[in-house]
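In case you want the letters, here they are:
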Amino acid sequence: MARGDETTGITAFGIYVPSMRLHRKAMASEVGWINPALNGYRHGVRAICDFDEDVITMAVEAARHCKDSEALGEISAIVAASTTFPFADRLNASVIAAAAGLSNCVQAVDIANTQRAGVSAFRVAERLSAADGAPHQVLCVAADCRRGRPGSLVEMTSGDAAVSFVFGCENVIARVMAHRVSTVDFVDHYRRANEAYEYGWEERWVRDEGYRKIAPPILTCAMEAAGVSSAEIDHFIFPSTIRGVAGGLAKAVDIRDDAVRDDFQDVIGEAGAAHSLLMLADTLCAAGPGEKILMAGFGQGCEAIVLETTSLIKSIGDRQGVRALAESDQHELSFIRYLSFNGQLEPDFGPRAETDRKTAHSAAYRHADRVARLIAGKCEKCGTVQFPKAKICVNPNCGHEGNQSDHALAQEAAVIKTVTTDWLGFSRNPPNRYGMVEFASGARMILNFTSAPDEPPVGSEVSMVYRIQEFDPYRKFHRYSWKAKSADGPRNGDIK
Amino acid sequence: MTSGIRDKVAIIGMGCSKFGERFDCDAQDLMLEAFIEARADAGIETSEIDAAWLGHAMPDLGMGPTATPASVALRLQNIPVTRVENACATGTEALRGAVYAVASGAARIALAIGVEKLKDTGFGGLPEFDFGPRASLFAPSMSAPGGFAQLAAAYGAKHKVNASDLKRAMAHVSWKSHENGAVNPKAHLRRRVDMDTIIKAPMIAAPLGLFDCCGVSDGAACAIVTTPEVAAGLGKKHESVMVKALQLAVSNGVEASHSSWDGASIITTRSAAKRAYTEAGVENPRKALSLIEVHDCFSITELVTMEDLFLSDEGSAVVDVLDGFYDREGGVPCQVDGGLKCFGHPIGASGLRMAYEVYTQLLGRAGERQLSSPTLGLTHNLGGFPHENVSGIGIFGLPGV
Numbered sequence: 001m002a003r004g005d006e007t008t009g010i011t012a013f014g015i016y017v018p019s020m021r022l023h024r025k026a027m028a029s030e031v032g033w034i035n036p037a038l039n040g041y042r043h044g045v046r047a048i049c050d051f052d053e054d055v056i057t058m059a060v061e062a063a064r065h066c067k068d069s070e071a072l073g074e075i076s077a078i079v080a081a082s083t084t085f086p087f088a089d090r091l092n093a094s095v096i097a098a099a100a101g102l103s104n105c106v107q108a109v110d111i112a113n114t115q116r117a118g119v120s121a122f123r124v125a126e127r128l129s130a131a132d133g134a135p136h137q138v139l140c141v142a143a144d145c146r147r148g149r150p151g152s153l154v155e156m157t158s159g160d161a162a163v164s165f166v167f168g169c170e171n172v173i174a175r176v177m178a179h180r181v182s183t184v185d186f187v188d189h190y191r192r193a194n195e196a197y198e199y200g201w202e203e204r205w206v207r208d209e210g211y212r213k214i215a216p217p218i219l220t221c222a223m224e225a226a227g228v229s230s231a232e233i234d235h236f237i238f239p240s241t242i243r244g245v246a247g248g249l250a251k252a253v254d255i256r257d258d259a260v261r262d263d264f265q266d267v268i269g270e271a272g273a274a275h276s277l278l279m280l281a282d283t284l285c286a287a288g289p290g291e292k293i294l295m296a297g298f299g300q301g302c303e304a305i306v307l308e309t310t311s312l313i314k315s316i317g318d319r320q321g322v323r324a325l326a327e328s329d330q331h332e333l334s335f336i337r338y339l340s341f342n343g344q345l346e347p348d349f350g351p352r353a354e355t356d357r358k359t360a361h362s363a364a365y366r367h368a369d370r371v372a373r374l375i376a377g378k379c380e381k382c383g384t385v386q387f388p389k390a391k392i393c394v395n396p397n398c399g400h401e402g403n404q405s406d407h408a409l410a411q412e413a414a415v416i417k418t419v420t421t422d423w424l425g426f427s428r429n430p431p432n433r434y435g436m437v438e439f440a441s442g443a444r445m446i447l448n449f450t451s452a453p454d455e456p457p458v459g460s461e462v463s464m465v466y467r468i469q470e471f472d473p474y475r476k477f478h479r480y481s482w483k484a485k486s487a488d489g490p491r492n493g494d495i496k
Numbered sequence: 001m002t003s004g005i006r007d008k009v010a011i012i013g014m015g016c017s018k019f020g021e022r023f024d025c026d027a028q029d030l031m032l033e034a035f036i037e038a039r040a041d042a043g044i045e046t047s048e049i050d051a052a053w054l055g056h057a058m059p060d061l062g063m064g065p066t067a068t069p070a071s072v073a074l075r076l077q078n079i080p081v082t083r084v085e086n087a088c089a090t091g092t093e094a095l096r097g098a099v100y101a102v103a104s105g106a107a108r109i110a111l112a113i114g115v116e117k118l119k120d121t122g123f124g125g126l127p128e129f130d131f132g133p134r135a136s137l138f139a140p141s142m143s144a145p146g147g148f149a150q151l152a153a154a155y156g157a158k159h160k161v162n163a164s165d166l167k168r169a170m171a172h173v174s175w176k177s178h179e180n181g182a183v184n185p186k187a188h189l190r191r192r193v194d195m196d197t198i199i200k201a202p203m204i205a206a207p208l209g210l211f212d213c214c215g216v217s218d219g220a221a222c223a224i225v226t227t228p229e230v231a232a233g234l235g236k237k238h239e240s241v242m243v244k245a246l247q248l249a250v251s252n253g254v255e256a257s258h259s260s261w262d263g264a265s266i267i268t269t270r271s272a273a274k275r276a277y278t279e280a281g282v283e284n285p286r287k288a289l290s291l292i293e294v295h296d297c298f299s300i301t302e303l304v305t306m307e308d309l310f311l312s313d314e315g316s317a318v319v320d321v322l323d324g325f326y327d328r329e330g331g332v333p334c335q336v337d338g339g340l341k342c343f344g345h346p347i348g349a350s351g352l353r354m355a356y357e358v359y360t361q362l363l364g365r366a367g368e369r370q371l372s373s374p375t376l377g378l379t380h381n382l383g384g385f386p387h388e389n390v391s392g393i394g395i396f397g398l399p400g401v
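If you read the sequences in order, they're chains A and B.
Sequential numbering of the first sequence, starting at 1, is according to full-length UniProt numbering.
Sequential numbering of the second sequence, starting at 1, is according to full-length UniProt numbering.
Treat each hint with caution, since some may be false.
Unchecked claim - Computed from the model, here is a short list of chain A residues facing chain B with C-beta under 10 Å: (1) Arg352; (2) Glu438; (3) Pro457.
Hints are computed from structural coordinates only; laboratory data are not their basis.
This one's a predicted model, so the numbers in the text were calculated from it and none came from an experiment.
Idealized CB from N, CA, C, for every residue including glycine.
Okay, chain A solo, but in the shape it has when bound:
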C-alpha cells in the first residue's frame, strides 16, 4: 500500500445548488401532450443554472464553498468531472482553477464522457493526493447540467449542481477503504460529440441487464476489499433516475433499506456525473464517526468506493445538507425562459443583440488576474484598495506612483451603492440589473447583479459570484467574469 493511504483522505467538501427552479408540473403541462407518461413525473422541481451559469461557474462555486480562498492556494492538483463541460478543447479545470484561487502550479485534469466521471475523478484525486509517497492537497470537483430534448425523460429528471472535495492529510474526515471498478461498453444511452442531445434505450433493459447485472459484483467486491460486510454499510449511494434501482441493488447485496441515501430527485433532479458525489457530500453533512459509506457511479461499467468517516467528522459540525440548501434561495423559472437560456428556443432579443461581443483573447490574458481572479491593487503608500489595479494611486490625497500589491476581492463582502433595472440594454435574461458596489476594503466596481429576481436595494449586501459575462454567438465563446449576487440564503458550510 502507498504511504498516503493511511494518512490522506477527505479534508473538506463544498456543495453548490443553483437557485433557479423549474417546476416539473409546469413542464409536464407544456410537454405532456407529446408523451402522456411524463405526467407521471410531475412531482417536485429541478434545480437549474441561471442564464449565466454552466459547469465551470457551478464548479467554481462548489470549490469556493469548500475552503477559503487562501487555503485553496495550497492545492497542488485539480481534477474536474462533467459530461457537459462547455469546452471540448480548452482545459475546463484550468478555468475553474484560476477563479477558485488555485495557483498556476497546479496539475489540472478534466474527466468527462461518462456518468461515472465524478466517481472516477474522486478516485483519481484521492490517488493523486497520496502519490509520490508524500501527501498533497488535491481538489476534486464535479458538476453537470444535462439537457434533454424537450419532452424527453432526461429533461424531466436531470438537475444542475456541483460538488467539491479536498483530499489531504490534515484533519481527514473520511478516507477511502477500497475501490473496485468494471468497464463494460453497456450503451444505456449515448451522445455523440458535438450533439446537443443523447439517445437512450428502454429503461427496463437498462435496469435488468445493466444495473442489476453489472453493479452487484462490483459492490460486493468493493465491500470485500474493504473488509466490510454489507450489514455494516451505513450509507449506500447509488444514483439512478430509474425508480427503485438503488433500493433493488441494496436488497441484492444485503444492504439495509434504511442505508439507501436520499437522491434529491424531488428538489434537484439528477446532477449527472456529479450526483454520486453530491449524495456523498450530503452524507458527510450528517454522518458520525466510524460510519461506512458505499458509493458507486454507473456508466460503461460500475465504479464503487467504500469510505469510512473518522472521528474528526464531528469537527465540521452539523451542516446544512443538500436538501436544506436546495430548499432555500429558490427562484421559479418559466419553461419558455429555460428553453431560451439553453438555446433550445431563440427569442428575438432585438437589434441590440446584434452587437459583436468578440473577446480579445490577448487583452483577456493580459488582464487574467483581474478578470478571472478579481485582483485589485493596494497602494503601498496610502493603503487604498482600488479596482482596477493602477500604476498611479486613485486616492486624490495620495497619487503615489509605483507598484500596488495584489488584493483579492472575490471573497470580500460588498454593499450596493447604486442600482438600476435596465430594460433597454441587451441581456439574454432581461431586465439587466447592475450598479456600483463597494467592498469592505473600500474598493468599488460597477457589476451586474445576477440571479436577482427583484432590484436589490441600495445599502444591501452582495457577494461575488463567477459567471458567464458575455456570450459570443458568432465565435461560440463564453467569457467569464465576476458579478454580484444578493447575500441571501444559507451557503454550504453553514451550521444548521
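Following the hints, position chain B against chain A.
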C-alpha cells in the same frame, strides 16, 4: 489663474437644423442646413473662414472618420478642418477649438459645426457603446439610461428622498421641457405631456420611464466666431454674443474607483462650473444667469445638475424643481427651447444647439419663447456615465455684461 477666454471671442452667426427623425437627410444635409443659416447670419462668405472644427461623435452611424465629410459637404476652401469627439460634450468641444483658434490669433474667422445622424440604426435609443477590449472584460453592458438611473438611486439614498417624491420632481423636469418644446419650431418633440402620463410611462431603466429620457434625433448646429474687432468691422457690434467662459472637466477614475464619491453628484460638472464662473466673473450664478441649457439626457441628470452648477443648494433641487424655479417663468429658466428632452440628442450637435438657443435669446430673436431681456446664459454638457465622464460648460453674454 490664466486670463481665460472671457470677451476675447464673439459669436457672429449661428445656425441650427430642424431636429428630428430626419429620414430625408444624411448628416451632410443636416450640416449644410445649419451652416447656410449661420453663414447668412454672420454675413460672410465661405472663403472668409480660416479654420473649422467638426464635432461628430458616432462616425460609424454617420459620416465615418476624419473631418473630410464636413469639408466636402460645406465646400470649405482647403482650410484646416479637425474632427473632435468627446462624448456628449462633442459639440462644445468643437466650439472650444474654434474659439481658441480665434483667441490665439491663428484664425480670423473660425467655424464650429456639430452633427449626428442617429436614425439610421433601425431601432430606437442609442446603440451600445464600445469601450474597447479591456473595459468589456469586467464591465456590465450598460445602456445610457441605465447609467444615469443609478444617480437616482444614490441621490435618493443620500438625501433621503423617497422614490415617489423623486419621481414626481423628475417628472416635473420633463413636463416643463415639453411645455417649452411645444412652442419651438425646430424641436423634434412638440407635444405637451401631462404629469400623470409622464409618471405612469413604461420603465426604461428604473426609475427612469419613457418620458424621463430624452429623444433620439438627427440634427446639426453651428457657430461662426471671430474677434470682437472683426465683428465690429463686419457691423456686428450689437448683433453678436461674447464668449464668457468655456470649460471642460474630465473624470480621473476617482468616481469609479475611490470611496470618496457618493454617486449622487457629478464631480466634473462641479469642477467645470467653478472654473467657468471664475472665468466669466460670475459670483452668484443663481442671480446672474438669465437662462441655462443643461444636459437633460435624463430627467434625473438635469435635477442633479442644478446642484452641481451651484444653482440649488445641496439636497434642495427637488424642492426648487417642484417650486418651478427652473420653469420658463421661474428664477432661472432652464431648457426654454425644450432641451434634449424635446430636441433629442444628436451627440455632436447638442452643445452647439444649446449655444444656439442662448445666442438666439440674448439677441432677442426667440419669437414666441423669447425671455424678457436676458443678458447671460449657460450651456452644460455631460458625456459618458456618472462614474466616468466629461463635462463641458459654456457661458455666453451680451457685450459689456
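**Prompt:** Given A/Arg352 was flagged as interface, is its beta-carbon under 10 Å from a beta-carbon of chain B?
**Reply:** This hint holds: A/Arg352 lies near chain B, its Cβ roughly 6 Å from the closest one there, short of 10 Å.
**Interface hint compliance - A/Glu438 to chain B, C-beta minimum distance less than 10 Å** = Cβ of A/Glu438 sits 6 Å from chain B, so the hint holds.
**Message:** Let's test the interface hint: is any C-beta of chain B closer than 10 Å to that of A/Pro457?
**Reply:** Holds, because the Cβ-Cβ distance from A/Pro457 to chain B comes to roughly 9 Å (cut-off 10 Å).
The structure agrees with every numbered hint stated previously.
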